[in-house]
Amino acid sequence: LVVDLREEPANSGDYLAFTTVSPGVEVPIFTLTFDSSNPSIYTFTLLERLDHAPGDGNNDITFDLSVYAEDTDGDVSAPKQLEVVIGDDVQA
1 LVVDLREEPA NSGDYLAFTT VSPGVEVPIF TLTFDSSNPS IYTFTLLERL
51 DHAPGDGNND ITFDLSVYAE DTDGDVSAPK QLEVVIGDDV QA
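The sequence shown begins at 1 in my numbering and counts up by one.
The set of hints was computed from the structure by calculation and includes no laboratory data. Here a beta-carbon is modelled for each residue, glycine too, at the ideal position from N, C-alpha and C.
Dumping the calculated SDA-like pairs for lysine to any residue here, alpha-carbon to alpha-carbon at most 20 Å:
#1 80 x 6
#2 80 x 32
#3 80 x 65
#4 80 x 15
#5 80 x 31
#6 80 x 4
Pair by pair, the computed Cβ-Cβ distance ranges are:
#7 61 x 36: 24 to 34 Å
#8 40 x 5: 15 to 25 Å
#9 75 x 52: 34 to 44 Å
#10 81 x 45: 16 to 26 Å
Construct the complete structure from the given sequences, taking the supplied hints into account.
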């Protein structure tokens, strides 16, 4: 599954991850929203199911997103990894 990420709407601090299933047809996978007054606070919202390793019990999915900060005059920080952990919702 190829997932692309874009800021939507532009310059909003809100990001949409999506996959393209056919030309011009996108399926939203998750959103990532940073708090405008405190960008160290963010909300990750899963919109579609993600495959994970088979097995008994809970199998979380973990992946990193590369993020950076940009100040008001356009200076950009070095990228840092934001770890996302999606808990498996299988009942124990």
